[in-house]
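Here is what each chain is made of, one letter per residue.
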Amino acid sequence: MARRTSATRWLATTIAAWVVGFVIFFPILWMVITSFKTELEAFSTPPSLLFFHWTTENYAAVQERSDYLKHVVNSIVIAGGSTVIAMLIAIPAAWSMAFAPSARTRDVLLWILSTKMMPSVGVLVPIYLIYRDTALLDTRVGLVLILCLGNLPIVVWMLFTYFKEIPKDILEAARMDGATIGRELVYVLTPMAVPGIASTLLLNVILAWNEAFWTLNLSTLEAAPLTVFIASYSSPEGLFWAKLSAASTLAIVPILILGWFSQRQLVRGLTFGAVK
Amino acid sequence: MGSITLEGVCKAFGSHIVIPSADLEIDDGSFVVFVGPSGCGKTTLLRMIAGLEDVSGGRILIDGANVVDVPPAKRGLSMVFQSYALYPHMSVRGNIAFGLKMAGLPRAEIERKVAAAAATLNLTPYLDRKPRELSGGQRQRVSIGRAIVREPKAFLFDEPLSNLDAALRVQMRQEVTRLQRQLATTAIYVTHDQVEAMTMADRIVVLNAGSIEQYGSPLELYERPANLFVAGFIGSPRMNLIGEEVAERYGAATIGVRPEHVRVDRDGEGWPGTVRAAEHLGSDTFFYVDAPGIGSVTARYIGELGIRAGDNVRLQLDAAHIHRFDQEGKALR
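From first to last, the protein sequence lines stand for chains A and B. For the working numbering, count along the first sequence from 1 and bump the result up by 191. For the working numbering, count along the second sequence from 1 and bump the result up by 35.
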């Protein structure tokens, strides 16, 4: 009897999990399907899920209208650059706050996080004016800078929580074993912190890749990443659902591949500490 | 060589004084145990000797040299942590070799020393495993191996056995003692377990509220406690402490009698009382007796007396083994 109950429960849980998973995934699936429809079919009601005339014309059109590769390169430079710089600043910062906290560390951490509580649009005008006057508008440097600063609080916080998980005893053992600060960093702390650093890095790349507010407002052509490329299909000549979907699909492919290959790291990083 | 001397060592966290002033002399090669209730400052004292905690005042001498401003790595001590504190990403071999590697020893010598340490601790088959693949006892062995391989002036143990189960603890207790005798290296061992203190130590330091209450051999502490705190802390079950009129009769503010020095009889002379509880262990019997004249008394009888809870008994205190204490709790001798 007990076996039967658990089998039923297992089946129910499995079905429920699949349903939830499908609901969450549905918008992406819908986008991919729409990208293979003609513009007419993309608008039709009721929408057809699978039985329509499959076409790749949207991809051809998108490719023809805009320089996909240029946007990809911009996205890589902006996401990668902002992440690398953020990590270079955040690792030492989180390190010192986790291992050599002062009386004000708690306050500093909260202050860092508080900058994320303000809506970005609140500082759009000043930032825009600063960028205009310093000729940073529509430059990769400008976007790298703003995304790096925008994500820095989260990166510092994530790293801080990972570093906090490393038992102090182990560092003290290394000190007793005669390791200098430098060697303690190289031989003990860094190898132990690698999973945390890796998952922070990945998450930051994904956040920067998808960031749309600043990239849309501060770039037009030269430095425009994929987010701008997608948005360009919603105006001004009208809404092109199918082409928009094709552009979006193209935009998420690189990050999807990255996410797929690093999913173990990501899951491990995000649940770090929760499961011992 | 590894003699350690503390001279007026004190420690304060802000305005909170943890250790007012500690003086201590530890001879080379001796096994000294710091024991006391939790929060008494025993671990803080050990960490100050290790150099992991700054001293607020006083001097710490290792072989006559003041090491107060010397970083932990240069003090020539090694430490075994309660949490084992193994490097999780290194193999057992890597863990044991780490200190030697930091000291810049040639590879062949490191290999030889690691192999010797592993053999001493029966770790040879596990050298290539990671700490997570070991049991608790094996992990603690690795952490001891890491300490001995460096041939330090002294070992510092911070409650190293408290994460192990009871049977393993007894076994490791003997192993640590044997190892220390064999290496003849000074050892300071922190524990809150008085059985560990009594069985392992050459000399015990009893700490209370940051102060050293008494420093002596285990039996010295048991037979001649310097004050009420040591009298109550060393020995299990606790010494019976009796005050007021009965104590006055002996010219003291308080008297103490160990449970084995209280005689229990069905009748005859002595204080009348009722057995509240009796623990029959076969080899011993412990009686918890309510005696109106002297209060609640614990008595130990070797063997079985056939007295049960609720029985009326007579108690006699062995006059030759009565400890007397003055108003301040100091022993009167």
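Heads up, a few of these hints could be off.
Claimed, not checked - Capping the alpha-carbon separation at 35 Å, the derived lysine-lysine pairs in DSBU-like fashion look like this: (1) B/K148 with A/K307; (2) B/K365 with A/K359; (3) B/K109 with B/K165; (4) A/K359 with B/K136; (5) A/K355 with B/K188; (6) A/K359 with B/K188; (7) B/K365 with A/K355; (8) A/K355 with B/K165; (9) A/K359 with B/K165; (10) B/K148 with A/K359; (11) B/K148 with B/K136; (12) B/K188 with B/K136; (13) A/K307 with A/K359.
Just so you know, the hints here were simulated from the structure itself, not pulled from any lab data. All values derive from a computational prediction rather than experimental measurement.
Task: Structure versus earlier hints, numbers of those that do not hold, lowest first - done: Of the numbered hints given earlier, those the structure breaks are 1, 2 and 7, listed in rising order.
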